[in-house]
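Enquirer: Given next are the chains, with one letter for each unit.
2 protein chains.
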Amino acid sequence: MARQGRRSRRGGGAAGKAAEREKIGVINQMPWRIPVNTDRPTEPLDEDGVQAIHEGAMTILEDIGIEFYHAGAKEIFKEAGCIVNGDNVRMDREFVMEMIGKAPEQFTITPRNPEREITIGGKHILFGNVSSPPNYWDLELGRKIPGTREMCANFFKLTQYFNCIHFAGGYPVEPQDVHASIRHLDALYDKLTITDKVAHTYSLGKERVEDCMEMVRIAGGLSHEDFEKKAHIYTNINSTSPLKHDEPMMDGWIRLAKRGQALVVTPFTLAGAMAPVTMAGAVAQSLAEGLCAIALAQYINPGVPCAIGTFTSNVDMKTGAPAFGTPEYMRSTQMTGQMARYYKLPMRSSGVCAANVPDGQAMWETSNSLWAAVQSGTNMVYHAAGWLEGGLIASPEKFIMDCEILQMIQRYMEPAVTATTPDDIALDAIREVGGDGHFFGVQHTQDRYTTAFYQPFVSDWTNFEGWEAKGGIWTAERAHTLYKQIINEFEAPPMEESIREELAAFVAKRKEEGGAPTDF
Amino acid sequence: MARQGRRSRRGGGAAGKAAEREKIGVINQMPWRIPVNTDRPTEPLDEDGVQAIHEGAMTILEDIGIEFYHAGAKEIFKEAGCIVNGDNVRMDREFVMEMIGKAPEQFTITPRNPEREITIGGKHILFGNVSSPPNYWDLELGRKIPGTREMCANFFKLTQYFNCIHFAGGYPVEPQDVHASIRHLDALYDKLTITDKVAHTYSLGKERVEDCMEMVRIAGGLSHEDFEKKAHIYTNINSTSPLKHDEPMMDGWIRLAKRGQALVVTPFTLAGAMAPVTMAGAVAQSLAEGLCAIALAQYINPGVPCAIGTFTSNVDMKTGAPAFGTPEYMRSTQMTGQMARYYKLPMRSSGVCAANVPDGQAMWETSNSLWAAVQSGTNMVYHAAGWLEGGLIASPEKFIMDCEILQMIQRYMEPAVTATTPDDIALDAIREVGGDGHFFGVQHTQDRYTTAFYQPFVSDWTNFEGWEAKGGIWTAERAHTLYKQIINEFEAPPMEESIREELAAFVAKRKEEGGAPTDF
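Protein sequence lines correspond, in order, to chains A and B. Going by UniProt numbering, the first sequence opens with residue 1, and the numbers climb by one from there. Going by UniProt numbering, the second sequence opens with residue 1, and the numbers climb by one from there.
Errors might be hidden in some of the hints.
Calculated pairs, PhoX-like style, for lysine-lysine (alpha carbon to alpha carbon, straight line, at most 20 Å) [to be verified]:
#, chain 1, residue 1, chain 2, residue 2
1, B, Lys244, B, Lys102
2, B, Lys123, B, Lys318
3, A, Lys74, A, Lys258
4, A, Lys470, B, Lys318
5, A, Lys318, B, Lys102
6, A, Lys206, A, Lys74
Hints were generated in silico from the structure; no laboratory data involved. All values reported here derive from a predicted model rather than from experimental measurement.
Using the sequences and the hints given, assemble the complete structure.
Expert: As structure tokens, this is what we get:
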């Protein structure tokens, strides 16, 4: 397409060449870009509501306290003047607000390909692949099975292939056929060689975090000094709700904070289970759990990039099963967005569903969660492609289908769609066609038709008869076919051979040393 | 559920009893209510943008003109001082703005059951069934076939059954097995006996409109005088874009205007086909086509209830096929919402998709269009349940699935979800559970769990293994099963026998007289 060609040339460099290639690839996709969300956020809380939730979060931190199962963290809090009682840490609001006031409102993370640098904060909205499902499902298999390294690598290929995926989250599916002690080495080697996008490290103990930072440094061809100059990798930690931060996650958090890498904290507060049954209560608790971790990071390294995540949803009160993409999930996300702006922190939410297969329910739940991300002013959308069964399954068909929605959201955010110049109002064309004709043939249409509208890649817009003539294929099956084609034709982004060798040597050495402990 | 029971009792009367019945029916659905959309609308246009589109619409009406293929309409416009040249009518903006200034910002339509009265305008958002597909598809059939009276009646049952459906639009599927001359009689008889919700009449020539008004009058047990005192029925007309109003639709429009019934005008402006390829141009043209019809109605009967509709979408420029639920559709709907508020007119949009079957694509397209309705401040959502293939197919599975989304939107709009009273912040519960426990058992949860969260009826929130144990049924198939159960157990709302007889007698008499001409 002309538009894509033009933008690719403007992009230049490796990403530019990659985009050129995609023109003749499996699908005609939108070019790499960082969408800017200019919609005024949906704000269900009035000023009193914001204050009530803030007051709630501060009271939790001041009076109830958070358990920190990490000696180092407790020492730092004690040094900072907080009240440490056993594992319980209480901190006053002045300290919390002073610390989070040091966090930047916006920051960048720079991967090995600097053209894939992402800016988190402000009006940017970024999408990442599904992360951490233990299991895999696809339509051909028709069963749920444990993830493997090959499946994980295939998801990395999708992550790299789709321009609407801006960062490479954790394992898109857990490579369970690789021993846990060396899993992070093989998986990150695959990620760094298959993708050139921003990578993530799990905060699961010192060895994994240090190995991941080192591999990202090697992949970027950076000195240790240059690595620490800005964020090149990020982590996401979850508090163990209610009101706890565990040892391995805190350890990673502190290590990354010291080296100036990006930090996201996302309490998993299911209302009615790990948090109050009322959404405002669940949000207040989530904020308290998140803000204390950010306060800690800012005390350790003032100005280190931090984002606050939300994963507040509800359970099915009949069964206790988690639910996603519900009305309560949407409103919690919007409320957290208001609070994140109140605290001037970038925000993370997710693309989520409870559905077990990529069917109608999966897509309305996922649509609800993605539109909630847009409405809330979310900056980082985790799990934006490929998630099923509340995060227990990764599915390639779902990945493909989600990318269609993500592209539509990107297109929705292009200012051209709502432009109102005289050319857009098009009175001359309306006059030319008058009351007796159509617009297909007029010059105004001819000049614009290749770029005027979103072009889908998995949606089928033909009528029933045309669709039937092509075999009457439902969406998930079309997505399956596309998935296979994309994997078959995938070409990895370039990497210097010396860097690849250095990475491989590092992995081999660390494997020889036994990798990381597995007693987490 | 306790909440539903309580609300039903509060509702009282026939609707209350119906809700009581539903408690023990096929599904546990939300009670009848008129959702209030308190979200601040998403407004992609700045003030200059609003003015640019207004200026465009006014220039079309002043300089280019609209073709009216209706002698009476042209006479009225001439009398009002407009410039009539053949079929072309031009009118200046002062006249248009003066006339639309007479339209109420909010109005009611009262069906035979006054408890089902609906208020259109303000922050209300109302949902109607799919209207007018010629064809039917269901999962068991697996084919697309022409609609029948039985299928149509089944959709009326769904329309009545679901409390989230507030008004009964046109034929949910065209009953093609009934001759066109008497189709309106049988279909409206079915609608008025199966449902007690607000009914619609097609504006297809004098006989149909007069018959429908008369039947609605009989069903309501009203005198002719009482019938005209307020709106008891509504119509929707489509201009023949670009820039034309045809004879039969104008005829119905004028008849209903004279009798004070509700009027909706919805130009079908597919950008790139019947309207400019640029969305702002398509919106401006759509507004011009709509506003002139509303100006006419207000000149005829000042204060008659009118709403402006939008059906602006785009085509697939490769094939010319219409597309729905696209980014361009969403933005056009939002832009039209801004303009409707500028003109102080209630607004109608739709729940739409291009998909041919109720699969993933169907649900992301429909979700996009329904969220656009919410974001735009739409008051009447046509086709909100059951629509497939760009409106050429009605599907009962899709109807069921859409109702889940509609209920979620209703729940999303309940103030309780985002309440921030001390009870909602729940500090005592958080203190009680502390860092070591869960919220399932605490009193705060126990007191609220039956009403705390949205309860789905077709979504399956069990995990993969639980879902597999129940047969591993995808959403469309679950919807099919529910559809059959609802139809099997359906009970029509009460109607006095004398009224039913009067209706039947009217239908018999009009059939004897030959019904309506079929030369449209």
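Enquirer: Could you tell me which of the numbered hints above are not met by this structure, giving the numbers in increasing order?
Expert: Failing hints, ascending: 1, 2 and 5.
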